[in-house]
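Protein chains in written order, with the UniProt record's numbering: chain A, 1 to 473; chain B, 1 to 653.
If you are wondering where the hints come from, they were derived from the structure by calculation, not from laboratory data.
Any given hint could be a false lead.
Claimed, not checked - If you want the ones that stay clear, here's a sample from chain A, every Cβ over 10 Å from chain B, calculated:
(1) PRO28
(2) PHE239
(3) ASP280
(4) GLY375
(5) ALA414
(6) GLY428
What the hints assert, rightly or not - In the SDA-like style, the derived pairs of lysine to any residue whose C-alpha atoms are separated by at most 25 Å in a straight line are:
(7) LYS598(B) <-> ASN107(A)
(8) LYS598(B) <-> THR441(A)
(9) LYS596(B) <-> VAL295(A)
(10) LYS260(B) <-> GLN432(A)
(11) LYS277(B) <-> GLN432(A)
(12) LYS224(B) <-> ASP323(B)
(13) LYS109(A) <-> THR240(B)
(14) LYS588(B) <-> VAL613(B)
By construction, the Cβ of each residue, glycine as well, lies at the ideal position given by its N, Cα and C atoms.
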Amino acid sequence: MKHGGKIIAQILILTALALGLWGCGASPWRYDPGVPAAPDVVATAGNGVVRVSWSQPSNATAYDIYYASSPGVTTSSSSIPNSCGSFADVTGLQNGTTYYFRVVARNSKGSSPLSGEVSAAPSSAGIFLPADLVGTWRFNALISGSGAKWMRGSVNIDASGAVSVASFLDSAGGTTAPNDLFSTMSIASDGTVSQDGAAAGFHGVLSENIFRDLLVGTGTTASGQLMVVLQKMVPGITFAATDIQGTGQSGAGPLLVVYHQISSGAVSEWEWGNFQVGRDQAETYSSIGAQSAKVLPGAGSKVVGMTITADGLISESPKAGVTPQPAALLTDAVMSADKMTIVGTATDSRGAYLLRIIQLVHPPTIATGTNYQLGDLAGSYTYLAASAGALPGWAVATETVGSAGNASFSGYLASDGSTTAPAPFALGLDAQGKLSSGADTSYHGQFSYFKNLVVATGTGAGGAGYLSVAVKR
Amino acid sequence: MKQKPLLSTLAILNLLPLLGSPAFAAQPEDSTSDRYNLGEIVVSAPGEGVQATETVRMVTAKDIETSGARTLDEAIALLPGVNIRNGGEGVPRIDIRGFKTRHVVLLLDGIPLNSAFDQQFDPTAISTENIAEIKMTSGASSILYGQGGLGGVINIITKKGMQRTQGMVGVETGDHEPYQAKASVSGASDRFNYFFSGNAQKVDGFPLSDDFRPTVEQGSGYRKNSDHERNSLLGTVGFTPNQDLALGLTVNYAQGSYGKPATAINDSADLFANTTKFQRVQDYSTLSLQLAGEYAATQHLNLRGWTWFTQHDELQNQYGSRDYAAVNLQQKAISTITGVTLQPKYDFGPAGSLALSLSAENDAWDTYTIIGTADTEHPEQQIYSAGIEYEFSPLPGLNLVAGYGHYWQARSEVTLDDYSALFGASYDLTAATRLKASFKRNVRFPSLGDLYDTFNNGNPQLLPERSHTYEAGVDQKLPLETTAALTGFYTTVENLVQTNQDVGRKVNLAEVRFAGAELSVANRAVKNLLLRGSYSYLHSEDRSRAGREEQQYTPEHVIVLEGKYDCACGFTPYASVRYVGNQYAYTKNNVQPVQKAKLNDYTLVNLKLNQQVWGGKANLYVGADNLFDQNYETSYGFPQPGRFVYGGVEFRL
Numbered sequence: 001m002k003h004g005g006k007i008i009a010q011i012l013i014l015t016a017l018a019l020g021l022w023g024c025g026a027s028p029w030r031y032d033p034g035v036p037a038a039p040d041v042v043a044t045a046g047n048g049v050v051r052v053s054w055s056q057p058s059n060a061t062a063y064d065i066y067y068a069s070s071p072g073v074t075t076s077s078s079s080i081p082n083s084c085g086s087f088a089d090v091t092g093l094q095n096g097t098t099y100y101f102r103v104v105a106r107n108s109k110g111s112s113p114l115s116g117e118v119s120a121a122p123s124s125a126g127i128f129l130p131a132d133l134v135g136t137w138r139f140n141a142l143i144s145g146s147g148a149k150w151m152r153g154s155v156n157i158d159a160s161g162a163v164s165v166a167s168f169l170d171s172a173g174g175t176t177a178p179n180d181l182f183s184t185m186s187i188a189s190d191g192t193v194s195q196d197g198a199a200a201g202f203h204g205v206l207s208e209n210i211f212r213d214l215l216v217g218t219g220t221t222a223s224g225q226l227m228v229v230l231q232k233m234v235p236g237i238t239f240a241a242t243d244i245q246g247t248g249q250s251g252a253g254p255l256l257v258v259y260h261q262i263s264s265g266a267v268s269e270w271e272w273g274n275f276q277v278g279r280d281q282a283e284t285y286s287s288i289g290a291q292s293a294k295v296l297p298g299a300g301s302k303v304v305g306m307t308i309t310a311d312g313l314i315s316e317s318p319k320a321g322v323t324p325q326p327a328a329l330l331t332d333a334v335m336s337a338d339k340m341t342i343v344g345t346a347t348d349s350r351g352a353y354l355l356r357i358i359q360l361v362h363p364p365t366i367a368t369g370t371n372y373q374l375g376d377l378a379g380s381y382t383y384l385a386a387s388a389g390a391l392p393g394w395a396v397a398t399e400t401v402g403s404a405g406n407a408s409f410s411g412y413l414a415s416d417g418s419t420t421a422p423a424p425f426a427l428g429l430d431a432q433g434k435l436s437s438g439a440d441t442s443y444h445g446q447f448s449y450f451k452n453l454v455v456a457t458g459t460g461a462g463g464a465g466y467l468s469v470a471v472k473r
Numbered sequence: 001m002k003q004k005p006l007l008s009t010l011a012i013l014n015l016l017p018l019l020g021s022p023a024f025a026a027q028p029e030d031s032t033s034d035r036y037n038l039g040e041i042v043v044s045a046p047g048e049g050v051q052a053t054e055t056v057r058m059v060t061a062k063d064i065e066t067s068g069a070r071t072l073d074e075a076i077a078l079l080p081g082v083n084i085r086n087g088g089e090g091v092p093r094i095d096i097r098g099f100k101t102r103h104v105v106l107l108l109d110g111i112p113l114n115s116a117f118d119q120q121f122d123p124t125a126i127s128t129e130n131i132a133e134i135k136m137t138s139g140a141s142s143i144l145y146g147q148g149g150l151g152g153v154i155n156i157i158t159k160k161g162m163q164r165t166q167g168m169v170g171v172e173t174g175d176h177e178p179y180q181a182k183a184s185v186s187g188a189s190d191r192f193n194y195f196f197s198g199n200a201q202k203v204d205g206f207p208l209s210d211d212f213r214p215t216v217e218q219g220s221g222y223r224k225n226s227d228h229e230r231n232s233l234l235g236t237v238g239f240t241p242n243q244d245l246a247l248g249l250t251v252n253y254a255q256g257s258y259g260k261p262a263t264a265i266n267d268s269a270d271l272f273a274n275t276t277k278f279q280r281v282q283d284y285s286t287l288s289l290q291l292a293g294e295y296a297a298t299q300h301l302n303l304r305g306w307t308w309f310t311q312h313d314e315l316q317n318q319y320g321s322r323d324y325a326a327v328n329l330q331q332k333a334i335s336t337i338t339g340v341t342l343q344p345k346y347d348f349g350p351a352g353s354l355a356l357s358l359s360a361e362n363d364a365w366d367t368y369t370i371i372g373t374a375d376t377e378h379p380e381q382q383i384y385s386a387g388i389e390y391e392f393s394p395l396p397g398l399n400l401v402a403g404y405g406h407y408w409q410a411r412s413e414v415t416l417d418d419y420s421a422l423f424g425a426s427y428d429l430t431a432a433t434r435l436k437a438s439f440k441r442n443v444r445f446p447s448l449g450d451l452y453d454t455f456n457n458g459n460p461q462l463l464p465e466r467s468h469t470y471e472a473g474v475d476q477k478l479p480l481e482t483t484a485a486l487t488g489f490y491t492t493v494e495n496l497v498q499t500n501q502d503v504g505r506k507v508n509l510a511e512v513r514f515a516g517a518e519l520s521v522a523n524r525a526v527k528n529l530l531l532r533g534s535y536s537y538l539h540s541e542d543r544s545r546a547g548r549e550e551q552q553y554t555p556e557h558v559i560v561l562e563g564k565y566d567c568a569c570g571f572t573p574y575a576s577v578r579y580v581g582n583q584y585a586y587t588k589n590n591v592q593p594v595q596k597a598k599l600n601d602y603t604l605v606n607l608k609l610n611q612q613v614w615g616g617k618a619n620l621y622v623g624a625d626n627l628f629d630q631n632y633e634t635s636y637g638f639p640q641p642g643r644f645v646y647g648g649v650e651f652r653l
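Chain A with its partners taken away, still in its complex shape (with noise of 0.2 Å):
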């Protein structure tokens, strides 16, 4: 029986090695996402620059992009590998002569065929030219004063600058716009536009961004001071929840936005607001502050989720539940081709008509990391505002920022016929492009990521709300 126990031993052994054997040799089962479509791309030119935007397939993790100075691009061209997002700036290129761009979209299956091939030339940036106000803009605009109310639409310029309006809807229903509102459009070499007839009291100006696609302007109309966005729909550029989601840990991170807006009609007043998208397209505020108490939407919990069309449209929707509310939601709210801004009007719940700017801090793929430098807000900007309360109004003026953020305006024009220029003042900016003004508590501004657009509002003369976008020249 002693050598019972080994045998006994030896037997529990084998019928141990024959089971596991059994279940050996197989791996865990991977999901197979299949090889991703070759994306549709567009290229536009800048000074020096050309922006390739592309398509995103649902199944793609990464970009390649290949370029070459002659057509004909393949894989063994010049090539800015494994970008994310939906576009990459190749820089370095030569003014004035043609490149040719190709995209491979990939994943952990394998790589697109390349994409179809399309060009640009860059040019040097300064001039303006006619032909950059030609095409479909959405605008949305704000009035204050006796006749307040928001309009939003969508509007032709034709070669000639003259402004056709498509759509049009405002905050009372109606589908007519005012004629006061658009006319013929003029746009100077450096970048301001104007219009004639009885739209004459327009201030305009056009973003040098790469896009050309954002057009700010006030102006005094028969209804009160109009503060008006346009944004150019840019042939090529589509949209996809991934612009407007979070990343989570994998990536970068919730993404992070700002808004300003200013309101007028029931409530006059300005009012910022942070909050963060994750990747369910859920919107969560961390902060919020305005001329009156505000109570934090969602108190801490995703309190709205938001959509995209496939055009850039941006809706709102309030999370069954979830109290308080936000007092306003955006409906068809406009997100520009370079997908950081998204612009909208909207009535909340006192019955106020506001103008709201949003401003994604960062892209979706990039987290924020020292992108924002006090230098990169040095240069002369075409500042606008509007202000709302007892007396509405609006301002236009050059606005000159040096590289330690003091800044001053001159050429200053304001709605009553003033041409007193505010103060100076010194500007602070934090890691996240938050702005700020230490001698004006009330300051709240937004740098944008890629420099071009401050964002603010605050409190001015006489206990005014105001909102300001400043363009960068």
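Given the coordinates of chain A, work out where chain B should sit on it, guided by the hints.
What follows is chain B alone, placed relative to chain A:
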């Protein structure tokens, strides 16, 4: 790539019996300690009273020593109805009959160890050298355990010192040079008894299977960020001033740290893969204190009482990248539970016995953000319980039990209340056949995290979860010293707390149903040879979300085989085989439509060979977990340990 020569491993294991001496009998039972009975919540003779109507399974100290289990999860992994999952939380999760860890009540000598925050627990924080017995009640459990425990109750009873001072010292090491050192000392006099134990463990990382395919996030060899370190002390002191009164003090302290391995899949195109997170518990400590007493007031009236305190604190780090260099969020979380229970029991003799349970508990959870921007939170609640349970045997062999418990959850903004009810019966049809059946309505209040954790969609409006469990079974003695037990069960659960993706917060959304059967067989026909096997079938229905059928990560089939032989030479080989089949995973919450995928079935074989030497004063052992280096997962994207070879020695003093 590291080498794991299977055949040479088996050759080494095969040589061990030669070390033994024929002078020794089969490996003796652990004679150094008895059970700390004051740690029992439900006191009745084995197989009698309320326990006769329930599914109660025991793991003894001998079972633990034979199998080489180092921690609680390893000790109960082979029990029918138990599924151990390892996902992104860094610690194993124990599921019972499909219910997740938060639905399992864990007691250490009656001290609740579930976190006040999320009612989960870390089974690896409980080392096994101080365990006399683990009693696991699946499904319908005694009312005296209180609210919660929809899936079951695990009560760990520690050892108690016996006459004559005794002790044990042991060390163990293995692949990649982990170490475990443990020691215990116990003794007793006429009135005092004591048991003290300590354990120190450190693992730098567990080995992956050689078949694992490296990814961007995880190379071959050893699992990244899978280290853990734990040092623990446990002591129980009992005092029996007279034959009617027994007092006991239990102190348990554990401290350590561990990494939470990230998913091995970092592919945003993978619709099933979790978001990659880089996290560690940089430091944790747990302190549990309990003062217990039992007083036989009269011949019929017995009074038992406990007061306890448990505090668990953790320093949690979240990193921005896979090099774990920069911490972008650091939080300290403290869970504190204090409570008192009084349990009088009156024995009416032939008319049965009646037990009351009155309990009051205070749960608090504090979170402080040290690095990063997150809210600090300090919620608190009180839970009051009043239960009554009546056991009665109207006929020989017939046991009936009925119980009712009412519970209150008092919070600053509202007080909720709900109840549980139990009916059970067992009948000895013959001397060899016992039939049993039970029904229990049970409740679980939402945890502090469910209610107040705003970062994770907390909702103060949540209501209690409720379950209805129906069970029936038969225990049968068969020829050739064979015993078999067959149990069938059906459970419906409603108001399960789950995050509703549409509204972005937790709601009482889910309804889940479980139906299954558990068959276990044990045979001792051959002297000194124990053969055990079980088959568990579990059908789950996830009715909470459209597109879901079975509950995620809930195996449908589990087969376990165990064998142990005690040789006269002091050699004891032990082998276990566990097969897991038919479990499913679903796409991430924001993916529509929902897709389902089947995880690979897998079979794990563990082997351990023990050899007594030096007159029984020492025990040498070698073993191999996952002997055939199976490359398997219990959660999608989280590879599990491959073959792990270890060896050690224990000295009995």
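Now for the hints, and whether the structure bears them out:
{"no.": "1", "hint": "PRO28", "result": "5 Å, violated"}
{"no.": "2", "hint": "PHE239", "result": "18 Å, holds"}
{"no.": "3", "hint": "ASP280", "result": "5 Å, violated"}
{"no.": "4", "hint": "GLY375", "result": "25 Å, holds"}
{"no.": "5", "hint": "ALA414", "result": "40 Å, holds"}
{"no.": "6", "hint": "GLY428", "result": "19 Å, holds"}
{"no.": "7", "hint": "LYS598(B) <-> ASN107(A)", "result": "23 Å, holds"}
{"no.": "8", "hint": "LYS598(B) <-> THR441(A)", "result": "58 Å, violated"}
{"no.": "9", "hint": "LYS596(B) <-> VAL295(A)", "result": "42 Å, violated"}
{"no.": "10", "hint": "LYS260(B) <-> GLN432(A)", "result": "30 Å, violated"}
{"no.": "11", "hint": "LYS277(B) <-> GLN432(A)", "result": "23 Å, holds"}
{"no.": "12", "hint": "LYS224(B) <-> ASP323(B)", "result": "10 Å, holds"}
{"no.": "13", "hint": "LYS109(A) <-> THR240(B)", "result": "70 Å, violated"}
{"no.": "14", "hint": "LYS588(B) <-> VAL613(B)", "result": "55 Å, violated"}
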